[in-house]
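Go by the hints and put chain B onto chain A.
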Amino acid sequence: MSGSFLAVAVLGDAAQAAHTGSHLESLVNAVIPKATAAPELAWAGWILLLPVLSAVLCTAFAALRVKNKLPAIVTVVSLGAAFALVLKLYLMRGPEAAPVVVHLWDWMNFSWGGGPWKSFQADVSLYIDSLTLLWMLFVTGLGTLIALYASEYMESDRGAGYCRFFFGVSIFLLAMSALVMADNLVLLYFGWEGVGLASYLLIGYDYHRPAAVEAAKKAFIMNRIGDLGLAVGIWLIWVNYGSVEFATLFQVFTNATSDAGGWDRSLIPFCLMLGAFGKSAQLPLFTWLPDAMEGPTPVSALIHAATMVTAGVYLLARMEPLFVLHPHAMTTVAWVGGLTALLAATIGMAQYDIKRVFAYSTISQLGYMFMGLGVGTAFGAAYHVLTHAFFKALLFLTAGAIMHGFAGQLDLRRLSGLRRVPGFGIVCWTMLIGCLWLSAFPYTAGFFSKDIILVQAMSQPKFQLLGWIGLATAGLTAYYTFRVWFRVCAGPVSFVSGELAHQTDHAQHATTADLHGAPHAHTGTASHSSHANESHAGGFHPHAPRLAINFVLLLLGLGAILSGIPGIQSLRGQHNWVQEMVYASTAVRASGELHTTTPVAFGLDAHGIVSVFGIGAALGGILIAWWLHRLNRRMADRLRSMLLSNSLTRWLPTSMENKWYVDEVYHALFRLPMWIASHLLNFFDRHIVDGLMVNGLGRVPVLIGRLFQPLYNGLLQGYATTMAGGLVLVLAWVAWKWLGAGGAA
Amino acid sequence: MSTTANIVERFCSLTPELVVFCGSVVVGVTGLSKSRSIRNATSFICTLSLVLALIAMAQNWGGRVSSGILLPTVSLYVGALALLMGIGFVALATGSMDRLYEDALSRGVTTFDANKVFRGEFFAFMLLSICGVMLVPGSPDLIWLFLALELTSLPTYIMVAISRGTRRAQEAAVKYFFLGAMSTAMLVYGFAMLYGSTGSLQFVHIKDALTAQAAMGGIDAVGTIGLIMIMIGLCFKMTAAPMHFYAPDVYEGAAAPVTAFLSFIPKIAGLTALLLVLHAAGWGTSLPQSLQATLWMVSVLTMTLGNVGAILQRNTKRMMSYSSISHSGYMLMAFIAGPELGLPALLVYLLAYGLSNGALFGGLISVERQGQEIEKLEDLAGLARRHPSAAAWIALGSASLMGMPPFLGFWAKLILFIAVIKAGHTPLVVIAAVNSVISVWYYLRLAGVPILSPAGPAAEGVVKAPSAWPRLAAMVFGISVLLLPFFLNRIMNAATAAARPVPNATTLEVQKATAVVIAPTVVDRTHPN
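Quick note, the sequences are listed as chains A and B, same order.
In case it helps, the numbering used here puts the first sequence at residues 4 to 748.
In case it helps, the numbering used here puts the second sequence at residues 2 to 530.
Please note that a few of the clues may not be correct.
Claimed, not checked - Pairs of lysine-lysine residues, derived as DSS-like cross-links and limited to a Cα-Cα distance of at most 30 Å, are as follows:
hint, chain 1, residue 1, chain 2, residue 2
1, A, K70, B, K117
2, B, K117, B, K377
3, A, K70, A, K37
4, A, K72, A, K91
5, A, K740, B, K465
6, A, K740, B, K208
7, B, K465, B, K377
8, B, K465, B, K117
Simulated from the structure, these hints should not be mistaken for laboratory data.
A quick note: this is a predicted structure, and the numbers were derived from the prediction, not measured.
If we strip away everything but chain A, and leave its shape as in the complex, we get:
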């Protein structure tokens, strides 16, 4: 423990240095520079076009029945090229360049002269500032890496499915790039819907499994609820501010000190929030994300961990100039984030499916990001997005490698000691990196980014409770993360294969087993696995990952390690590019940490307090996990059965394992009433509407139709007479009305 105190002392000093002599003072009261047009950057449009190209090519490959890895190669190359373009853009501009608008082509430009809604303009243009580039760097970078990983992961589906998968990945990248680079809310909304569509298509990739289809529908419907909020928000913004273009809107927001107005104006941030909470799986719309794990693991890593779910954070960070005008909205964001973090962490503690544990940890970490935005550190939130993108993608990809190797087995009770299984070394050690980073182990990137958010919460009296919630969550996070690692990677070697060990997999193993030295020693000692598939376990060989997967895992591990550099720089009071990029963007006004030179909580240095408790929580969680899930695993089971046998404590493990019955509550609150209402309405529709309305009012057009039907009797003479009669009637009318009196019209 003395070591941790030492660390606290060091951190405390460094933090003070960071905040006293900071060059960032000048940014207090910063105004957002007006975006200038940059037609010379038109090549940035290729960032959007390259995924389109690969999507079109994947469709063509599907039509041509390509059976090889061509779709993967095309996707990886085009996404890699998009990443290179983003990198070029970043290197050209540097982290602190002023925002520019790159006009690609006109889309909608209406003007109606007078009236309250004078004009509506939304072009296909890119708004490029440092926040855009920060997001685009990891979106395209991770997209490329995960596509590379998927080229090996999905190889058993080569053919139509393979093309379909990479088509989905390509349109996801297109939509996500459009979302992040949009210069107006309409294009952003297009991307927003597009990522939802791509997510739906990819979760339901394996459409033969009902669970995957259900999960895809659930994700889509819950997202639709959020999307409705965003759509209403965009509409209200247009009505209230007369524009949907960022460049115009930010000037309006910057010049405003408060945003007094009608009720609809104060509703805007809450509408946007609803959209963000839907997309980023926050309370109350978080239940779709764990189910989304039914999709292929690269999809979980790319869409449901690293990129798409951070779109909500991006939206709020992008619209910070609006949110700072609404203090209540900021408080709401902070509290929703904090509570989601805690709730998801408690659920994550009691899950047995590795991917579900990681899914709940994603929800929990996204909660931290929203908390960061709400308490006023956009830098902390954006930095946490960045570090989280790396370590969570890494964790998912290691889980995917295990799933790939053990025929779909993801139950952490049925996998043990994998680090001693040949070929799984890299998987286990990179997973350890991911776990350490996720549990905010001292001096890891996850520690720095979480620290910034918690310090900001602690140093404001009204958010101190949230700070403690965040610290408690950090302890839980460390526990459940290492519960997975100690169970799966450490301990004696023992495993049970999953149920996906189908014929083709075996055939593939027979040919590739020698190539990558698959182990023949199989010690199936899983005693407590009741319904293990014995026929498969008998002849099962783990399928160790090969070059593409291991390469991507190592690269992501390296990325996770490097993502700590800005944190260390921040502690030393040096420039760090994440902070520079956030401060140079529209999120600058929300950076409340600029206003207090030394963050103080309880009369002490907030950094010190957060560090002590944060390190304590992390190490404590890891130690408990080590004790319960490495040293004496029977103890963990006994603890659970003890809690279950006591009628006073039974609720705790049951409700945690059942995800606090949120799905059931939603079922009772929304689905059941909807079901009843739909049946009632169906009854109403059949007997009242169909019976009364359709036969009455609704039949009017039909009756009119019937009335005129004799005219359409198919007889030439009849038609001729009717037509001539029509002319005569018109002429008579005109003559009577206009020509009768004066002889002139």
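Relative to chain A, chain B alone:
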């Protein structure tokens, strides 16, 4: 000398039309060949000549603008639209012309008999009709307009007759011909009265004369009656009330590709002719109240009768004929909105309507049963499972025609409605909106039956049509309906540019010079000195 130079200039500005005309001659000649493969190539020659005409149009853009006609830029827009859509119509018709005979030939049941193949004539007439519609908006005078309109219509009578080997097609053609003749009679009578009132056949002179009359207390009775008769006569071409009665029978009787053609090409001929006549009658400045009111009434009647009539239909082509009638009603609203607001909206609407209609027909044409096109709504049940692409194009086309966002039809309708509201005709837009709601009834059925209904016994034997061209055309139409909303501003700019009046100092000079050639015995009553 100057007259000859003017004629040469005029011919030069008509290069695209001449290319299409030459194409039709070539197609007609190759269509008489004894070789089956050369006959099969006629549709390619047809497409080629349309593409060449497009190139000629691009080359000759400036020449047309300075050629001194009333609406040069509109004529370019409409011409380009007719050519582009024409390529699609050729593709739609390629598989279905002589379908049964070709089938018998390929099965070896019969040998090639040059007298039994109508492909060459069909495509030649199609090109002639497209040539006619391109000439309509460029008309400098009433005679030219009359000839251009007849060049558009006459080939379509024959196309209806030879499109299918059934008696229904022939019956439809006969009805179409006689009623068309009657409408032409009304039109010509109207022309005569207009000439009587203004003393000129030149649109420029008619415009001056009518403006002068309007300034002196209103257009006289002869002129008003003439204008109304012209309008009612043109209603036949654009299937507007009260001249729309023929449309359901003719559209149902003709083969589906011809129906698709009829629902676009003659319609835009009628609309652009009305455009010219209204321009001459002082559209936007001094249009007589009587004409305005007649337009209002015709528009409301047309859209209501179209939508109400479509509800009862179980035959897809008959339903589409009513749909086409109702869209004419919407488009007539643009005329009420006036040239500044309505004309760009009309031009955008034409594009959206053509593409959506094309996608829908493409979907219908790409499936068949025993070599016959499918016509009943029940035939489409369960189509999404068997031929998902055809069902998708049908659904997309109906959704766009219905005006469902985000498809092209929605934006076109939005632009049109906004234009009409801005022109101060909110009640008209309310009526149109109610009509749109009624139209949802049948469009949703058209979109829903292929997707939602399980395939019943009625849908047995529906297979993919052997020719890939209709499918390709449907795909191109469908994808444009999907993607063009992203280029909305570009379309809107093109339409606005086309609708903008061209200030042209030489207009009158050119007109006077050609007037000598075309109508040497003009007595200019309005300019006595």
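Worksheet item: Does B/K377 lie within 30 Å of B/K465 when you go C-alpha to C-alpha?
Response: It holds: about 16 Å lies between the C-alpha atoms, which stays within 30 Å.
Worksheet item: Are A/K72 and A/K91 close enough, with their CA atoms no more than 30 Å apart?
Response: Answer holds: A/K72 to A/K91 is near 28 Å, not above 30 Å.
Worksheet item: CA of A/K70 to CA of B/K117, is that 30 Å or under?
Response: At roughly 46 Å apart (the allowed maximum being 30 Å), B/K117 and A/K70 break the hint.
Worksheet entry | Given pair status - B/K465, A/K740, alpha carbons within 30 Å | violated, 56 Å
Discussion item. Next pair to validate is A/K70 with A/K37; report whether the Cα-Cα distance is within 30 Å.
Written reply: violated, 51 Å
Discussion item. Hint check: A/K740 vs B/K208, CA-CA at most 30 Å. Holds or violated?
Written reply: It holds: about 24 Å lies between the C-alpha atoms, which stays within 30 Å.
Worksheet item: Would the pair B/K117 and B/K377 pass a check requiring their Cα atoms to be no farther apart than 30 Å?
Response: Judged against 30 Å, a Cα distance of about 28 Å means the pair holds.
Discussion item. B/K465 and B/K117 were given as a pair; does the straight-line alpha-carbon distance stay at or below 30 Å?
Written reply: The given pair, whose Cα atoms are some 25 Å apart, holds under the 30 Å limit.
Checked against the numbered hints above, the structure breaks hints 1, 3 and 5 and satisfies the rest.
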